[in-house]
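Asks: As a plain string of letters, each chain reads:
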Amino acid sequence: MKTNPARLEEVALPRRAQQRASGHPPPPAMALLGCAAGALDGLRALLIAVIGCGSIGGRIAVLLARMGLGGLLLVDPKSYKPASLPTHEIDPEDVGKSKAQAVARRCKAVSPATRVAAFPGPVEALDLAAMADASAVVMAPDLLSVEIEAGQRSLWLSKPLIHASVHGPTLTVQVRLFGNAGGAGACPRCLYGRAELDLLARQARFSCEGGPAAAAPRPHEAPATNSLGAICSMAASLGVLQILRHLLGLGEPVADTMLEYCGFTHRTVISPLERNPKCPSDHTRLGQAAVSEPLAGRSLAEAVQQATGVPAPPDAQFEIAGHDWVEFAGCGCERPAPVRRFIARGRADLGQCPRCGAMRVPLQFHTYRAVSAAILGAAIGRPLRRLGVRRAVSILLRTGDAGTLIRPQPANPSSP
Amino acid sequence: MIPAHSTPAPTLDDLRQIQLSGIYMTMWELAQKECGGPAACRQRFAGELHDLLGLAQISGRMIVHWADLSAGLRAKVEIEMPVPCMPDPAGPLRVAPRALLGVIYPPEAIFMPQPGYAFIRILSPRPVWLSTVSVDPNQPLCLGAQLPAGIPLSEIVLMTYGALTLQTVQLDRLDPAGVLNAAAADWWQRNVHRIPLTREPFLRSEPNHAT
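In order, the protein sequence lines correspond to chains B and U. Mapping of the first sequence onto my numbering: residues 1 to 416, in sequence order. Mapping of the second sequence onto my numbering: residues 1001 to 1211, in sequence order.
Rather than coming from a laboratory, the hints here were simulated on the basis of the structure. Heads up, the beta-carbon is just placed ideally off N, CA and C, and yes, glycines get one too. Not one of these hints is a red herring.
If you anchor each label on the Cβ, the simulated ranges turn out as follows: (1) U:Ile-1063 with B:Arg-7: 39 to 45 Å; (2) U:His-1065 with B:Arg-7: 33 to 39 Å; (3) B:Asp-91 with U:Gln-1189: 43 to 49 Å; (4) U:Lys-1033 with B:Gly-332: 34 to 40 Å; (5) B:Cys-356 with U:Glu-1034: 31 to 37 Å.
Footprint (simulated), chain U over chain B, 3 or more residues, beta carbon under 8 Å: (6) 275-282; (7) 313-327; (8) 353-365.
From chain B, some residues computed to sit far from chain U (all C-beta separations above 12 Å): (9) Gly-42; (10) Lys-78; (11) Ser-233.
Construct the entire structure; sequences and hints are all you get.
Replies: Structure follows, in structure tokens:
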């Protein structure tokens, strides 16, 4: 038996649509000022992760698909509600559908050759390795905690992060672009003051949803921004332009800047984003390393030795994508049963207990997403396959303030 | 540092200054040796574990059996307190004299608010009969919809004591903040005369203000 944790799935076109599909949409037939002809063709090599696929993020994803982007990774745990209709680009029949999956299908229909993957779960549950190949990360979430998480992941992976948001009552759009080039720049958490920390503590939700359904905020919700669709659309368009400027090097550099647009005056203001030296986010940059054969055939000790050239230190922590380390399972018996192996994340039972007949379940107190060398003990030297890992996409190694994302070497390095 | 025979007795405000006794000092030092993660997390976890051990030392009702800082903070903590149990759904309420708790303080809890069920698993007794404790084998205890980022571990332990002894109660099954066992919520609504199970304060040295 398994629970239903969100899974990252690549979206395919229905067979009939496949027959009609003609690959990428033609690239915009235009020459950009100051660029070589065909500069926009470079978009086909890019993969962009979009966190938050609502009224802004969803539009950004579709705009990028229309330009024939190489790949999109769409992350959003929520579904459309009736209150989404005034601001989101959806039809009434979309109500109830997963935002990530619905936007993914739309993107795939627009650009069949674009690789589109949807993750209808919280970004915290997405393995870091899934974002490692992204050229940039876009976020348009409605929770400050998601901003911090996306900011942290982008910092670790040194990915440019574009944050598009609106304030409905003042018709204001903000697009922040965190360059994350050398770890010296700002992250979203750097910009928080007392008001944001208070809203973070209350997990206030900044919903763009309009209409009567959103009129009265529920407990733990900030008043809905009640944006207009037009202002969300403006945020998405400005966000895409900032992405293009940054990734294609168009115009003045936009890294570590905030672009603000006010709908009442049609004025724009650009200001720098500066790092807060007291920011509690981890501003270190993860190294990336590849090992030459399938990870599951290696032990953690071997993988670390090959990837870093040195043995795993005693304070090492390991996180294997999609897996948890389980020390003990519980059943109807008084004492927990030892497990000591990796279990696919979300697996709810480990078979029947021969003594009491009840199903054994991993005990959360004895389950680790990141497991230390101290807890692994001798298991650090055993092949992962013998510890329950059939296929390992990545290993995240943390040692003190440093970290390395270890992945298997692609069989054909030239393939995307 | 508080001398062994100082007066007044150490309070919750003094946790960071408490000189840990032999076994707890050893436990603290060993845990710090294996402490992993970024420097900011290591310092915070060392401080939180010190406070937890100090709390056990002055409480007169709590023992820390095991602590680990190698991947976040985890500790196995026993607290002497009345804990309601219902081994037979149709039978009488049983009150266990102590609880063994699994305490989990993940690194992300330092910087981000966490759901109220993130920190405490009741390892024994079972099955605990409380609206805020789930009936699944993990027996998570819910301490509210959200707990703030960086909440001190000692505060979580005090909240746990209040919740398990029913000094603080949440019985409204329509309130999303905390009801994990609706049947227990209904049962306690019919048996409010049994609430709380004790009026004793957590620190045994504190005066009991019960009337």
